[in-house]
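S.K.: First to last, the sequence lines map onto chains Y, C, D and H. Note that the first sequence covers residues 1034 to 1278 in our numbering. Note that the second sequence covers residues 1034 to 1278 in our numbering. Note that the third sequence covers residues 1034 to 1278 in our numbering. Note that the fourth sequence covers residues 1034 to 1278 in our numbering.
Be a bit skeptical, because a hint or two may be false.
For identical chains, the list gives no copy identity; a pair is met inside one copy or between any two copies.
[To be verified] In silico lysine-lysine, DSSO-like type, Cα no more than 30 Å apart, as pairs: (1) Lys1276 / Lys1161; (2) Lys1039 / Lys1161; (3) Lys1141 / Lys1249; (4) Lys1161 / Lys1141; (5) Lys1249 / Lys1161; (6) Lys1276 / Lys1242; (7) Lys1075 / Lys1161; (8) Lys1051 / Lys1075.
Hint data in this document are derived by calculation from the structure and do not stem from the laboratory.
4 protein chains.
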Amino acid sequence: MSAEIKVTVWNEYLHELKDPAVAAVYPQGIHGAIAGFLGAEKDFSVRTAVLREPEHGLSEEVLAQTDVLIWWGHMAHDQVEDSIVDRVYQRVLEGMGLIVLHSGHFSKIFRKLMGTSCGLRWREAGEKERLWVVEQGHPIAQGLGHYFEIPQTEMYGERFDIPAPDTLVFISWYAGGEVFRSGCCYQRGQGKIFYFAPGHETYPIYHQKEVQQVIKNAVRWAKPVSGLPQPVDPFRPCPPLEKLD
Amino acid sequence: MSAEIKVTVWNEYLHELKDPAVAAVYPQGIHGAIAGFLGAEKDFSVRTAVLREPEHGLSEEVLAQTDVLIWWGHMAHDQVEDSIVDRVYQRVLEGMGLIVLHSGHFSKIFRKLMGTSCGLRWREAGEKERLWVVEQGHPIAQGLGHYFEIPQTEMYGERFDIPAPDTLVFISWYAGGEVFRSGCCYQRGQGKIFYFAPGHETYPIYHQKEVQQVIKNAVRWAKPVSGLPQPVDPFRPCPPLEKLD
Amino acid sequence: MSAEIKVTVWNEYLHELKDPAVAAVYPQGIHGAIAGFLGAEKDFSVRTAVLREPEHGLSEEVLAQTDVLIWWGHMAHDQVEDSIVDRVYQRVLEGMGLIVLHSGHFSKIFRKLMGTSCGLRWREAGEKERLWVVEQGHPIAQGLGHYFEIPQTEMYGERFDIPAPDTLVFISWYAGGEVFRSGCCYQRGQGKIFYFAPGHETYPIYHQKEVQQVIKNAVRWAKPVSGLPQPVDPFRPCPPLEKLD
Amino acid sequence: MSAEIKVTVWNEYLHELKDPAVAAVYPQGIHGAIAGFLGAEKDFSVRTAVLREPEHGLSEEVLAQTDVLIWWGHMAHDQVEDSIVDRVYQRVLEGMGLIVLHSGHFSKIFRKLMGTSCGLRWREAGEKERLWVVEQGHPIAQGLGHYFEIPQTEMYGERFDIPAPDTLVFISWYAGGEVFRSGCCYQRGQGKIFYFAPGHETYPIYHQKEVQQVIKNAVRWAKPVSGLPQPVDPFRPCPPLEKLD
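For reference, chain Y alone in the conformation it holds in the complex:
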């Protein structure tokens, strides 16, 4: 329990370079903003990685040193190499935590892990979102009240084509009339996955205290269990444990 949690924040990092409006909100990139508030936690050790680095910054070494990976992508999901997606996928099944943010719902890695299209209803109108905590006793809800608001958001609405989450932590209300399962927990293999909806690139959502609290909580929840057993080789038969007639 006492060891540092090693976090890697991955960002596509394209909007911030192309669009001055985005750069104004996130001058260090979205990954920089997230790494900033996570890095202030004593029990976290944080690094970043972006699409344009070799192997998208996600080498075998980096992933082997990652307890929890945070994923933000939007306009370049197709540019993420399948081999890197497979590598991340394998690590999640082996126990690495994965936190997928906002438009990451359409990333290759999230769709591969969910097994569904992950489509949703959406609209960019800067409307209000209110996130209701439906499991207040869940570790990811720690320190929040009954709800919190995001003054200006991109709307993400149902039906969200995901498997029903193992635990549904947040449901969002939008001024325009939709709802959304905006905080969803999954166990896949030995790894924990949390999808969290807030976070459009043109709004200062990752500067908001409650959003930061959720992501910090999610990192602590998603960290791997220690001492996992060696996997069984699925291509070899297992001898019986009891004597057969």
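Given the coordinates of chain Y, work out where chains C, D and H should sit on it, guided by the hints.
M.R.: Relative to chain Y, chains C, D and H alone:
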């Protein structure tokens, strides 16, 4: 409720052609055996399809006319074309039911829908399996008692690397000392999926009354809901339903 | 599958007698309105029962002849005898379906089956509710679109203190800013339970087509599985099924 | 995260006083054995309580100072006062963790929280039990391998009449031919509940390393989230958060 349920039974159909011992158990192929007992139900309309047919027998037309697809494969999972897998996958998300049998746990379609490795522990020793019904009120358990036995089975044991099922209907006990989540229900997109473990090619398992009962129940459970709404185009924004300020 | 489903609609039936405004909306009582539209279905056989009848109209005989019980109560939850609650509870565990409507969230029977307080946030302001279908492939969602609206409703908001539903079918949006898990499926014992939020006594909600569709769908979904095995006596040991050393 | 977890171990403490065979296995009582190994953990602060103490040792003060309550009872479930059951129940809904062991499946508190009969199949034959870990990445499975064995156990078999657990961590295999969902997680209100099957009074099961590991893991998993919001009064309406027309 009254219309016929259109079932397509898909089988790899290779073991039966290569191995006389298998052919002796399933002279019409495993698909033939399954189509045989399903075809005796008045509310089912049944056809079969096999790997060596063009498009593996799963053309757009066939799938469009399929309410529930049953899948049996083992030695040739890799020979199933990705384009056909994608077609089946799309149909499941649109509402077609899918029943995956036994070694189909390692089929491309099941792994794609589960998002996990679907690995498990196994052994061919002809040992006894006892399936315990843990949700007796579930439609798939209709007509069964507290448990039923398969005198000789291939052992499939935990840990089975699947997402926790939406509903767990059966847990198997094996003489050799293992347990298995042997009847698992999932909703993915608009489609229902049932994984059912029994069924090795060298044992007459699909000739057993209780196994046939489960598969018949599963077909009725997995049939699509009628009148599904047209999907929302995920690449177009949705106008607000309420007036925004 | 072909036999009639025997439905009993239970209503407290007090508001309608005391308040002319309620009587104007439901001149035959809420139970009468519900029995009316259910009775028009060919596969249903419908009766009603109310609080003021002997044994609240829920004698052993009536319950033994009930496949699905619908429950509407509000101002007199405490007047329901514990012995009758226990009788209904026992029947649900034995397989009888139970559909709990609106203010029935605070009924003795629902709280006993849920094991939680079933508290919620509420407000009577005649505001708009929009129910989003989050599992469109579920039998209870059959024939509905992506959402439907109730023009004037009592608001029921999160956090709703229930166990996470086995299947969450609807999430409601309210004009006043809340959300609600408004369609929740549970399996308890051999019985199926559906909680459905819409239905205040002063609004004509049970006259609305989509609400009627949901309740009809829920009856078909909640009907018992036939041929359930005799329960095991929990006070007697079971002999081993395998030879012990 | 760093504060001590306050654990109260509750035991009926009757078998040990009446039966020398039980006293020989648990000379300090079952509560003493459990408090012993828990007390060796630096992050736990442990006390015990037993049936024959005033208020069964579970005064308001004790419960207010309890983060996680462990429950062992068997022959005297009926002697636990309803008022104390209600007090424990209330505290669980407010966030206190509850770990129910073995024959506690039939305790008033567990049945009240589950909403089902909690019946099961059983036999005292000193047979072997093997617990398979079906969610190896769950915190309660930390440090365990693929399975562990209990050389002599009381058999508890399916069907176990519980709600499907939110997370199923262990499934047991028994030499006599049964299976059991032997490690079950639930969220109820703000509180976490873990049911763990092993532990008959005549076998030295709580002296076994793996069993102790599971209970220690479960305490850490079940501890309350800090900073929970004040509950909403369910008897007062809530004003709208948005302006209504």
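S.K.: Where does the structure disagree with the numbered hints, that is, which hint numbers, in rising order?
M.R.: Per hint list: 2, 7, 8 violated.
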